[in-house]
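Asks: In the order they appear, the protein sequences are chains A and S. First residue of the first sequence: 1, per our numbering; consecutive thereafter. First residue of the second sequence: 1, per our numbering; consecutive thereafter.
There could be a bad hint or two in this list.
[What the hints assert, rightly or not] Only part of the chain A face toward chain S is listed, based on derived beta-carbon distances under 7 angstroms:
id : residue
1  : Ile168
2  : Asp175
3  : Pro189
Hints in this document: simulated from the structure, not taken from any laboratory. Keep in mind that this is a model prediction, so the values were computed, not measured. Glycine residues also receive a C-beta, built at the ideal position from the N, C-alpha and C atoms.
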Amino acid sequence: MARAVSRNTRIGWTIAAWFVALLIFFPILYAIITSFKTEQEAIAGFDLIPSFTLDSYREVQSQYNYFRPFMNSVVIAVGSTVLALIVAIPAAWAMAFSPTKRTKDILMWMLSTKMMPAVAVLVPIYLIFLRTGMLDTRTGLVIVLMLMNLPIVVWMLYTYFREIPGEILEAARMDGATLGQEIVHVLAPMAVPGIASTLLLNIILAWNEAFWTIQLTTTNAAPLSAFIASFSSPQGLFWAKLSAASTLAIAPILIMGWFSQKQLVRGLTFGAVK
Amino acid sequence: MGSITLKNVRKAFGEVEVIPGVDLEINDGEFVVFVGPSGCGKSTLLRLIAGLEDVTGGQIQIDGKDVTDAGPAKRGLAMVFQSYALYPHMSVRKNIAFPLKMAKMSEAEQEKRVSHAAKILNLDSYLDRKPGQLSGGQRQRVAIGRAIVREPSAFLFDEPLSNLDAALRVNMRVEISELHNNLKTTMIYVTHDQVEAMTMADKIVVLRAGNVEQVGSPMELYAKPRNRFVGGFIGSPNMNFLEGAAAAAHGAHAIGVRPEHWQLSTTEGAFPGKVGVAEHLGSDTFLHIQLNDGTPIIARAEGEFPVHHGDNIWLTPQDGRVYKFDKQGLAL
Numbered sequence: 001m002a003r004a005v006s007r008n009t010r011i012g013w014t015i016a017a018w019f020v021a022l023l024i025f026f027p028i029l030y031a032i033i034t035s036f037k038t039e040q041e042a043i044a045g046f047d048l049i050p051s052f053t054l055d056s057y058r059e060v061q062s063q064y065n066y067f068r069p070f071m072n073s074v075v076i077a078v079g080s081t082v083l084a085l086i087v088a089i090p091a092a093w094a095m096a097f098s099p100t101k102r103t104k105d106i107l108m109w110m111l112s113t114k115m116m117p118a119v120a121v122l123v124p125i126y127l128i129f130l131r132t133g134m135l136d137t138r139t140g141l142v143i144v145l146m147l148m149n150l151p152i153v154v155w156m157l158y159t160y161f162r163e164i165p166g167e168i169l170e171a172a173r174m175d176g177a178t179l180g181q182e183i184v185h186v187l188a189p190m191a192v193p194g195i196a197s198t199l200l201l202n203i204i205l206a207w208n209e210a211f212w213t214i215q216l217t218t219t220n221a222a223p224l225s226a227f228i229a230s231f232s233s234p235q236g237l238f239w240a241k242l243s244a245a246s247t248l249a250i251a252p253i254l255i256m257g258w259f260s261q262k263q264l265v266r267g268l269t270f271g272a273v274k
Numbered sequence: 001m002g003s004i005t006l007k008n009v010r011k012a013f014g015e016v017e018v019i020p021g022v023d024l025e026i027n028d029g030e031f032v033v034f035v036g037p038s039g040c041g042k043s044t045l046l047r048l049i050a051g052l053e054d055v056t057g058g059q060i061q062i063d064g065k066d067v068t069d070a071g072p073a074k075r076g077l078a079m080v081f082q083s084y085a086l087y088p089h090m091s092v093r094k095n096i097a098f099p100l101k102m103a104k105m106s107e108a109e110q111e112k113r114v115s116h117a118a119k120i121l122n123l124d125s126y127l128d129r130k131p132g133q134l135s136g137g138q139r140q141r142v143a144i145g146r147a148i149v150r151e152p153s154a155f156l157f158d159e160p161l162s163n164l165d166a167a168l169r170v171n172m173r174v175e176i177s178e179l180h181n182n183l184k185t186t187m188i189y190v191t192h193d194q195v196e197a198m199t200m201a202d203k204i205v206v207l208r209a210g211n212v213e214q215v216g217s218p219m220e221l222y223a224k225p226r227n228r229f230v231g232g233f234i235g236s237p238n239m240n241f242l243e244g245a246a247a248a249a250h251g252a253h254a255i256g257v258r259p260e261h262w263q264l265s266t267t268e269g270a271f272p273g274k275v276g277v278a279e280h281l282g283s284d285t286f287l288h289i290q291l292n293d294g295t296p297i298i299a300r301a302e303g304e305f306p307v308h309h310g311d312n313i314w315l316t317p318q319d320g321r322v323y324k325f326d327k328q329g330l331a332l
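Here chain A stands alone, though its shape is the one from the complex (with noise of 0.2 angstroms):
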């Protein structure tokens, strides 16, 4: 609804929207500032201006090589949700179009292991990894991660699923189409921006997951996560490094969401407004 605002108040509001802003992006920023200082300039104390170098970044590529776990990250992120979605489509697809008495039971039950804390089931899992020699592989974490958020991607296609007019699928099978050619040809591009929503968000979660990446892996398979964890090291805290490690590690998701900011914003608040 329209509502008369006054100039005055709209500039009052427009300002402490971007104090929220800046305040929840501070330590990012700072971050970010700090990876261009010394060493000396990081642990001095407050300071906003750096002297520009760029010799944290120089060090943590010499010593750690940032394209590998880079590239574990990209593998992981992207073949843990693509893995998902495989999953998820018909799962949801199932629970939407043609939904029994106790499919909300099986939803709620989904998202219920979401509230388990990961570390009650680290035990196991570590095991299970450790026996069929899948610690430390990018395969293992495609899997766990895959699972990890399989519960959240089946409730947003979900949710997505049952905007469809089931009428429309019902018109595609008296057509002739076969349950996959309905899936494809008129499902799939319907949801089109529910599942690139989807997509986008889990790739994000799979990115920032640091707690299975950083306990199933070592070096072979460790992503940025654990490449940034590895700067808290035995030798102390190096912050103006540990800076440069995590503006390395954050950059890719921060640009992959700045640039698909309109899709995830349509995607978070879908159902809420009609």
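Starting from the known structure of chain A, arrange chain S on it as the hints suggest.
Replies: Below, chain S alone, put in the same frame as chain A:
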């Protein structure tokens, strides 16, 4: 070819029996209308024929072949939905061609059939638009186009006109009837609007609570309703019913007189009453009358009948136009 036979078809949703057992014979090329009040099972019956719902019992045959367990695609029927159910991401052209693409028809043949259908339905200039850019009537035409390109053995219409405004509804009604005359394909049409049923059907199937109350041509149903329900449902405005002494005089539990079958007089007649609302349309006059014993009656007079609110009026049923019903509501 498209003859359809239902043999004791039953449908239950869980414990609730929606269709207790229907036997029906639909001949090739017939325009059959399923009509009844909402919730009478007419749409369910159509969906059973389409294969979108599984039957609980009984058999469905198309052209003598048992299709009870065949999927919707295997039955060779086409359906037009109430919501049109167009594919919103496809152009009109692709919408119409979709069933042909599913049937793996060659591109050239697809193009030929689509342009033929578009010509019949006046959709030539809209072929590259998306459904969202069309009006309700155009969308309905696209839905019909998608149905006719397949050359199905029968068309199924599920209340296709109920989302259109009144004027457009009349136009589309004529267009669909015209289409039936041209294609001569079996059509099954579901509606709750008895005017649509009367004007379009070769054969009307009146349903109530999942039961077939009567099957017949519109004029058969009008002239010889099997029971009080059919008498009351077919015809507009509805049949008037009188019980008690008036009915006993005809040797029945209840009598029915259609609004157009009253002789009206301002001086004398069988039943005296008072005029309530009088609707003067020029071509007809509809009078809402309250008889002196309190029974509400609707009467139709041809042309102008000059009475007004509060006037006294006398009604007499026309000779041979009284429908008699027994205590169970069956016609005598």
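Asks: Which earlier hints turn out false for this structure, listed by number in ascending order?
Replies: none
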